[in-house]
Amino acid sequence: MALQLFNTLSGKIEPLFASDGHALRFYCCGPTIYDYGHIGNFRTFLHVDVLRRTARLSGLALHHVMNITDVDDKIIRNAAASGKSIGEYSARFERAFFEDMDALGIERPEEIARATQNIPAMASLIERLAAQGIAYKTEDGSWYFRINRFPGYGKLSKKDLAGMEDGARVDLDEYDKDAARDFALWKAARPEEIASQAAWDTALGPGRPGWHIECSAMAMKYLGDSIDLHAGGEDLMFPHHENEIAQSEAASHKPFARHWFHVRFLLVEGKKMAKSEGNFFTLRDLLLKGYRASAIRFLLLSVPYRHQLNFTLDSLTESTNAVDRLRTFNRRIRNQAWPDQAPADDALLELIRKGDAGFTAALEDDLNTAEARAAVFDVLRAVNTAADQGNLSRMAAEQTLALLDKFDAIFAVLEDHDAEHTRAALAWAEAEDRLSQVAPEVLERFGAGSLTDAQIEALVAERTRAKQQRNFARADAIRKELLEKGILLEDSRQGVRWKRT
RNA sequence: GGCGCGGUACCCAAGUGGUAAGGGAGAGGUCUGCAAAACCUUUAUGCGCCGGUUCGAUCCCGGCCCGCGCCUCCA
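Using numbering that gives the first Met the number 0, the first residue of the first sequence is number 0, and each one after it goes up by one.
Treat the hints with care, as some may be off.
Said to hold, decoys possible - For lysine-lysine, the following DSSO-like pairs were computed, each having C-alpha atoms within a straight-line distance of at most 27 angstroms:
| id | residue 1 | residue 2 |
| --- | --- | --- |
| 1 | Lys157 | Lys288 |
| 2 | Lys498 | Lys479 |
| 3 | Lys288 | Lys274 |
| 4 | Lys136 | Lys253 |
| 5 | Lys157 | Lys253 |
| 6 | Lys158 | Lys288 |
| 7 | Lys83 | Lys73 |
| 8 | Lys353 | Lys274 |
| 9 | Lys270 | Lys253 |
Because the hints were derived from the structure by calculation, they are not lab data.
Given the sequences, and given the hints that come with them, work out the whole structure.
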């Protein structure tokens, strides 16, 4: 069974396929690097990541391009305010963006396309539109797209142009363009933009590209006139993606993207998480409060992409516990030797097989991550029960591990890298003089003077010796001391395990 | 006003025309030197409200109430 995915354009769930028979050519609108991203931004990239991983699970090869918008009004404004060029200003936010992507376990696309490195492609696309009279230049030297020359305008967002007549919301007199809905393709250079190195000399005249033309030009340059899939947050549907369609299809006279994928918003207290609302959390905020990167990933993926997710710190704690349970289970099954034979093995093997099939089927059914998760927990409980009763065979354990590997190829939370991401966030906070934002327990557990792994191991060994001598008072004292420093011990037949809480 | 989405147990959440997955939390229990982990039991005669279709609806249709998003930069 192939991956079935909701297509915003058709309004239906449709199979996703590579039209060239080789690789899925897909484009995802990336970040504008004027500031740190918040976790609402990353929700989109996380679900695009699951889409990537599921497509691969279904046998699709990928050619995924993501843009970086490294020139825009906010970048120009902030760069000017700090006396830097736009490149100097935005570099640190691009670095931070990829650090956050890594901490959240998001795979890199096959190609990253920076707007400022693709100006010629944008200029020539505008020239193609100008040659048809669809792009026109205004007195100040800017270029606009003439919407009434593209009859399909509104087909993606299902907007009726007749209901958006000129003058309805926009005062035409403020603009030097033919119709209020016409959107900017090229913005004529202003003096301060030349100072920030945010202007380019092209046949269109000095200036910089509009946001919409960036994506059209880069998608077509890297992936061709007609692409398989285009992804982004739901807010980009209109006008951004609508404008991309208009630009690309008006220029090429071919369908631009066959399949459109939109991820719905993350809410906070019932409202959209947004910079402008001030109700946002960055990944760094949360790591410095002591939440784990894996829990954030798991929470944001647990609600399917077509539903809004109301983010709360409580739900993040729940996710932490759920990830812990999965990790404990994974360690238990992976690190123990299981007998060749076990009673009731056929029934258990069948249950695992069903769980495995259910996991894949759920993902292939429009990326139903909630149901996929549930399939794994079903197996977890049954296998733990069998293991408790001595009824887990080596074969069943291997099948279980195969499912866990498949699960982790999508969810990517079983391997514990949380401490290193928290340490990195702490180092960043120190460098940025933001230590006041760090929760005390994070400082204690991960900051200077916190226990190293070797010190922990030594204490654990000392406690084991004390236990062997039946000096339980000393053993319990060590356990208590470690727990206060965020280290939880677990005794088992296979020895003592410890983990950070 | 136009377009789109949603209202399921204490919280998060899946789902189907035939009688409610899963996670978290709470309570009780088993196991263990004690813990932790794990397991067992337990928490919706009901899926926003009112009608309709049907042998039967949480799931289909109609109306209503509530919430969110887009219609302007925005993941």
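Against the structure, the hints come out as follows:
1. Lys157 x Lys288: violated (42 angstroms)
2. Lys498 x Lys479: holds (14 angstroms)
3. Lys288 x Lys274: Distance ~19 angstroms between Lys288 and Lys274 Cα, so the pair holds.
4. Lys136 x Lys253: Holds. Lys136 to Lys253 sits at ~25 angstroms (cutoff 27 angstroms).
5. Lys157 x Lys253: holds (20 angstroms)
6. Lys158 x Lys288: Answer violated: Lys158 to Lys288 is near 43 angstroms, above 27 angstroms.
7. Lys83 x Lys73: holds (13 angstroms)
8. Lys353 x Lys274: violated (44 angstroms)
9. Lys270 x Lys253: Violated, at roughly 39 angstroms.
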